[in-house]
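Student: Spelled out, the chains give:
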Amino acid sequence: MSLLELNNISYNYDGKKNVIKNVNYSFDKGKVYAITGRSGAGKTTLLSLLSGLTAPTQGEILFNNVNIKKINKYDFRSRYVGVIFQSFNLLPHLNSVENVELSMRASGKKTPNRRQNAEEILKKVCLDDSLAKRRILKLSGGEQQRVAIARAISYEPEIILADEPTGNLDSATQDEIVSIFKSLAHNDGKCVIIVTHSPVVAKAADEIFELAPLK
Amino acid sequence: MIIQNALKSITRCTGRNILIGIIVLVISVASCVALNIKNAAAQAETEGLSNIKITGQISLDRQKMMESFNPEDAASGERNPENFRDMFAENTELSLDQLQTYASSGNVEDFYYISTAALNAADDIEPFSESSSEEASEDTAEAETNNPFAEGMPNGGMPGGQNGGMMQMNQGDFTLTAVASESALTDFINGTSKISSGTIFDVSTADNNCIISSELAAFNGDLAAGDTITLANPSDETETYTLNIVGIYTNTSSTSDSNGMGMRFSTALDPANNIYLSASSLTAIAANSESVGTTSTDDYGRTTSTAITTQTQGTYVFADVDSYNAFGTELTSLGLDENYTLTSNDISSYEASLVPLQNLSSFATTMLLIVLAVGAVILIVINIFSIQQRKYEVGVLTAIGIKKWKVAAQFVTELLCVTLVAVIVGAAISAAVSVPVANTLLANQISSQQTQQQSVNDNFGRGQAPAGMPNAAPNNGGGNPMMGGRGDMFNVLQNADANFVDKINAVTDFYTVLQIILIGVVLTIISSIVAIIFIARYEPLKILANRT
Ligand SMILES: Nc1ncnc2c1ncn2[C@@H]1O[C@H](COP(=O)(O)OP(=O)(O)O)[C@@H](O)[C@H]1O
Ligand SMILES: [Mg+2]
Chain A
1 MSLLELNNIS
11 YNYDGKKNVI
21 KNVNYSFDKG
31 KVYAITGRSG
41 AGKTTLLSLL
51 SGLTAPTQGE
61 ILFNNVNIKK
71 INKYDFRSRY
81 VGVIFQSFNL
91 LPHLNSVENV
101 ELSMRASGKK
111 TPNRRQNAEE
121 ILKKVCLDDS
131 LAKRRILKLS
141 GGEQQRVAIA
151 RAISYEPEII
161 LADEPTGNLD
171 SATQDEIVSI
181 FKSLAHNDGK
191 CVIIVTHSPV
201 VAKAADEIFE
211 LAPLK
Chain B
1 MIIQNALKSI
11 TRCTGRNILI
21 GIIVLVISVA
31 SCVALNIKNA
41 AAQAETEGLS
51 NIKITGQISL
61 DRQKMMESFN
71 PEDAASGERN
81 PENFRDMFAE
91 NTELSLDQLQ
101 TYASSGNVED
111 FYYISTAALN
121 AADDIEPFSE
131 SSSEEASEDT
141 AEAETNNPFA
151 EGMPNGGMPG
161 GQNGGMMQMN
171 QGDFTLTAVA
181 SESALTDFIN
191 GTSKISSGTI
201 FDVSTADNNC
211 IISSELAAFN
221 GDLAAGDTIT
231 LANPSDETET
241 YTLNIVGIYT
251 NTSSTSDSNG
261 MGMRFSTALD
271 PANNIYLSAS
281 SLTAIAANSE
291 SVGTTSTDDY
301 GRTTSTAITT
311 QTQGTYVFAD
321 VDSYNAFGTE
331 LTSLGLDENY
341 TLTSNDISSY
351 EASLVPLQNL
361 SSFATTMLLI
371 VLAVGAVILI
381 VINIFSIQQR
391 KYEVGVLTAI
401 GIKKWKVAAQ
411 FVTELLCVTL
421 VAVIVGAAIS
431 AAVSVPVANT
441 LLANQISSQQ
451 TQQQSVNDNF
461 GRGQAPAGMP
471 NAAPNNGGGN
481 PMMGGRGDMF
491 NVLQNADANF
501 VDKINAVTDF
511 YTVLQIILIG
521 VVLTIISSIV
531 AIIFIARYEP
541 LKILANRT
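Order-wise, the sequence lines are chains A and B.
First residue of the first sequence: 1, per the working numbering; consecutive thereafter.
First residue of the second sequence: 1, per the working numbering; consecutive thereafter.
In case anyone wonders, no lab produced these hints; they're calculated from the structure.
Here the structure is a predicted model, which means the values were calculated and not measured.
We treat Cβ as the ideally placed atom computed from N, Cα and C, and that holds for glycine.
One or more hints might be untrue.
Said to hold, decoys possible - Not the full set, but computed from the structure, chain B residues with beta-carbon under 10 angstroms of chain A: (1) N339; (2) E393; (3) K404.
Chain B on its own, in the form it takes in the complex (with noise of 0.2 angstroms):
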């Protein structure tokens, strides 16, 4: 009876019932978008990483050794400058053999490595510059009494630098890198660099075979495959080593673009003074200068040595995100101390890429509980009003001897009738239209961050062309505190190319629409409780006396 009274009542009450109908609908179809939108963000978040392989790198992590770390000696405790040096000449990045040792952890896919060494140019051969050739001369010759790293420094680098380590090579007028597989050739795998002509060197021999930049080989009168470069070591000009170039190789990731920044500091940080050749040949030179180079011990009692010195950086692959948070639980165990971290270009992109996603989910988030809030106090207020239209009916049916409980569960149930079709429709419209909101709403977020970004790049002063930017030799005397936030300055770098998370697959999936039926029902008991309220008090005698 209830239900039929019901059904009876919807269809004769057509007015009202649309109106409930609209209003839930609306609310339905906000609320189904906004939980598409936070459904389809979660699922990126979580399965964005887990088709992809992930690499990672062991790091010093300056800033924990920075926490942990008293400068007061212990005895006497007083602040002790030598405890930071100290500090900084324990705690270096992890040789080839820790990297190695790590590597042949089970969840470890693969492991391959660079080493780098800084070398200048000797007699046949100039670094590249992007300033006239005169001026890159002078450069040069600056470099070499004026460059504030090769002198006066330390070799642990400074406190505080982020890429203390790293410094040491940005003397140089060039920049050896030595691979010991092709797979650690990122550059050449994803396809930004590629051989122009001659072949790759061997990467297992130790033949002083290389590589070199095609803007490297026009800066130098054409060099080609066949012809042979001099490079000195820094620190000892008269220490020199001879390459033999086996192929020329060019760089389409444009060099005058966002690292514009970096190869001002030294031209050996400009990619086209980068020069490929074995793991092997590289640990023959540095063994070669290891032997004929000479130690010297400084005021603070530390040894430098004028040998050359290569940085290695190991890379893991890991076949998906687990293996490469256990990788990380997993390092502790093995006995890395904990001033090493395990980081990863790939996930802290991911990450960087999600932002505008994820702004776009908490705004969802916002919207979500702004919709069902106003709508339930919409639902409410209509529904008060309707109850007191509905007065004269409650007293009838009341007075026929209809209990107040069936005639609350019948206006209850109108009320579920009509939310839930308004909610199923809702559903399916927003199921037409999800997509395509989300895409929009997204592409904003996407635009209002990239203008972000803009706008601190400008603020950098990295907006403008290369061209404009000051000359390198003058800056980097004032270069010291700029050169320890370095490493900010390229994660915000990398972040502006930040590939954003650009389509959000927000469907409508079963689940959803039974939060939305879901909602549906608790907003229409809640603004039902105002109607049983009502009825529960109504007397059907004053009613109808009322009438009369």
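So that you can see chain A by itself, here it is in the shape it has in the complex (with noise of 0.2 angstroms):
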């Protein structure tokens, strides 16, 4: 059994034209998966199928063999699934711990030192004392997307989901972050589903997965 599964699914956004079409793909539990290919493709538009922030026209998604329609979308996205968005998505009134801790009590998860945690999170990400308490406006594009990461994994989902998150890194950065999805996967056993261009990450990954786009 698959940790989730896509079933002959289809999605449009404008009810004419399908941007996926007939995709049948199943991930699983304590693996890296990179999506890949061309830009347009459709990789934004799976992973928000994925994350259950929209629901596929066509076709279904299990997740742990139930269909993502039978869980509560707003749960589904606050514990099971981490979304590391393509535009970061962190709030910029609250500073990086803050973003964290949020995403943490919306989960629900009880954490009896969550500031603490959040902050062991950050640091585990490369992200120290000080860059914690900065206001999110005040980071750098690879800070804010390393504390994006942290705030996607602060409440150990099961399915961590990247929107091209090594875009704005350098190399050596990239190997890091990498790294820490590598882990993520081959320790911790989630499910880590990274969209990507770049070739040294899709080859880091135990999976690819190649998007075809539609003529």
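Mind assembling these two chains? They're in different frames, but the hints should get you there.
Tutor: Right under this line is the structure:
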């Protein structure tokens, strides 16, 4: 049994032209997946479907063999998946720790030392205390990206979705981030799905899913 | 979590919250001041009278009498002028006996009365007149021959005349005012009149002792206590009465101000020509006059007498407004005809004094409604702008799995906190400014009220000094229609002197603060509804997609 299964899903934004058509795929625990494809192939759209931000117009997505339609989409997003958005989507009026803490609280998980926990997670993605207390807008793109990663993994979701997480990073940082993802999959048994253009990142993945653009 | 997020958001997004806070602050200060004014005005209206004694009088309500009166003959259906005369003959002011019967009511604390009669001067005295003494004597002479009230008028007074009953005494040179108790001498009690030499007469004996005004004394060559004066029946100059002066009184209420109009109709109406004596003395005079008087029958078959007639005006004293009102209702059950009404100058002048306050109160109500309406609109608009600014925030919060209702609740909580702080600060500010603001506004109302009355007075020609007024006698000829409306004009005159309530205690009380908080909560809810509608429509996917 796969953790996440796509059964013949299609999706369109406008009710006419399909962006994704008849996709079948399954994702397992403990593996890193790379989704590749040309720009406009529908990678981000696929991640939106996997994260429950929207529902497929056709077919079904099974999470632990349960159609995610039957799971409250807010609970699904706040507990079972962690999303690293292409544009990070952090709250600018909060600082790094507070952004991480917010997701931890939203998940409803009981963590006694939440702040401390959040700071540790930030350290894991190489953000020290002074950066942790800095407002989001005063962080560089790479630092914001790492806050977004920290937020996505903070509540220990089973699935981690990342939309071009290494796009803004130099190769050294990119390697660091990739190793974090690998460790999450191989040591913590998470299912990590990364959308990427980078052949280096794709090569590091356990499986590559090439999304062909529709004609 | 909601509250925590809200508080964080408030402290982080100060610009927006300060803007909302200032608007709510302005709304709450304005509405708090308005509410304070309304409350204080309402309080002044209800409590202002509760602490003072009320005096009231029973009088014939001519207007009511006219309304219920049918001038047509029951049989023929024709209008018959005779019916009017009958009506006025049947309905006269109450007699002393009747007045005293009602005075036994438990609601009445005290009862006193004055009886008045008009008498003419005999040889040894002249009525005081502000014109030169030559003219004065001319006036007197004219009054005897030309006075329209002395001749040709049936005793019942004229139809429509507000003070018909009072008019008979206008014909004389002097007004004899008789009292049976010192409490009836209200002018001496409130201090407008004062005995300057001699003493007051004994109110209970029929000794013909009297007190006269200092003006009258001076006008007649310094009359003093111990002198006597002789007065005559206006209808029969041979019937004379001698009064002993026991005291001279001064009247500090200036005779040359607002009553200038009244004294011109007859010298008897000049306060200087007012002679006080005991009720027993006047009763004896009236009884004597009755016995020597002759009666005649006019063309309409009605009898008139040459005897001196007296008018009695009773005054009931009530401990408070409630007793006054209770007495008013009780009168009907005691069998008083519905054409008589209980009225109180205290209450009507108090009501007149409240006019600026009531104007201010309705101004405050209007202000309150406008402020609330405009405030609500502004808050809604600001909320629409702010929620659109916060679209991204809504997208992020819902994308990380926070339910929409929680996001909405957070936003409403933020608004509510800002509103509450602003309202409390607003209540504190208005607590400080309400009293001065209310009193300034009230002062404006009073001066505009006074300006209005001044212009009314000017229109009636009352604004000038009495010296500039036309002489009395020529005016009397055309005076009839004027006299009919005189009662009304005197009311206006009284109002001009009304002692307006010029201070109100517009303090912020706990109840007002609660009301303001309630207003704040309602405004928050109204403007939040917009936010909630927007949040409900937002889809995180679209918001976040638009951003990239
Ligand atoms: N919110 C949207 N509304 C309508 N069309 C969209 C929206 N987002 C993406 N698309 C379209 O869907 C297709 C796939 O987009 P996307 O999934 O973002 O591609 P990728 O991430 O692979 O570059 C594109 O043609 C894009 O124009
Ligand atoms: Mg994309």
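Student: When the hints from earlier in the document are held up against this structure, which numbers fail?
Tutor: Checked against the structure, the only hint that fails is number 1, while the rest are satisfied.
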